[in-house]
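Trainee: Using our numbering, the final residue of the sequence shown is 116, and nothing's skipped along the way.
Simulated from the structure, these hints should not be mistaken for lab results. We put the beta carbon where it would ideally sit given N, CA and C, even for glycine. It is possible that some hints are incorrect.
Stated by the list, open to error - Cross-link-like lysine-lysine pairs, in silico, DSS-like; alpha carbons within 25 Å at most:
#1 K85 to K42
#2 K85 to K9
#3 K74 to K9
#4 K86 to K9
#5 K74 to K42
#6 K74 to K86
#7 K85 to K74
#8 K9 to K42
Unchecked claim - Derived CB-CB ranges, DEER-like:
#9 Y115 to S40: 37 to 45 Å
#10 L116 to L44: 26 to 34 Å
#11 L109 to S40: 30 to 38 Å
#12 I114 to I4: 36 to 44 Å
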Amino acid sequence: MLRIFSGHKAAVHRVFFTADDIHIASFSDDKTVALWDISSEKQLTSFNEHTDYVRAGAVSPVSPHVLLSGGYDKIVNMYDTRTNKKVFSVNHNAPIESLLFLPTGGIFLSAGIIYL
1 MLRIFSGHKA AVHRVFFTAD DIHIASFSDD KTVALWDISS EKQLTSFNEH TDYVRAGAVS
61 PVSPHVLLSG GYDKIVNMYD TRTNKKVFSV NHNAPIESLL FLPTGGIFLS AGIIYL
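Starting from the given sequences, assemble the full structure and let the hints guide the process.
Mentor: Here it is in structure tokens:
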């Protein structure tokens, strides 16, 4: 079944299902991260912590409430969707193109330019 999720104001570069397959997280050039309810097609929350394009994202493989975003502002942000707050930030020192959680969910990797 086709679903359409409207709300971002610029290109969306990454989309992932959460670990419980109930929600979708999207990562956009409008500098936001959004969490969507699949059944209702409604945006549940949005995070506006980046100052440049958000080109990377990841969802925890073990917790449906943990998201990562990475942007051209060189920052990795972790969010908790239960509280709708940023948990912490890490400076990657280069624009971020990719994020990955290890399967256990306890460690993540960020990649951009020549840095991991």
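Trainee: Each hint needs a verdict: does it hold in this structure or not?
Mentor: Hint check:
For the hint pairing K85 with K42, the CA-to-CA distance comes to about 19 Å; that is within 25 Å, so the pair holds. A distance of roughly 21 Å separates the Cα atoms of K85 and K9; the hinted pair therefore holds under the 25 Å criterion. Of the pairs offered as hints, the one joining K74 and K9 holds, with about 21 Å between alpha carbons and a cut-off of 25 Å not exceeded. A hinted pair counts as satisfied when its Cα atoms are at most 25 Å apart, and K86 with K9 qualifies at roughly 21 Å.
Only pairs whose Cα atoms come within 25 Å are accepted, and K74 paired with K42 is rejected, the gap being roughly 29 Å. Distance check on the hinted pair: K74 and K86 sit about 16 Å apart at the alpha-carbon level, within 25 Å; holds. For the proposed pair K85 and K74, the alpha carbon gap of about 19 Å is at most 25 Å, so the pair holds. Straight-line distance between C-alpha atoms of K9 and K42 comes to about 15 Å, which keeps the hinted pair within the 25 Å bound.
Restraint check, Y115 to S40: a C-beta distance of roughly 39 Å satisfies the suggested window 37 to 45 Å. Here the CB-CB span from L116 to L44 is close to 32 Å, well matched to the stated 26 to 34 Å. Take L109 and S40: their Cβ atoms lie about 33 Å apart, and the range 30 to 38 Å holds. Range check, I114 to I4: about 38 Å between beta-carbon atoms, so the 36 to 44 Å window is met.
Hint 5 from the list above is the single one not met by this structure.
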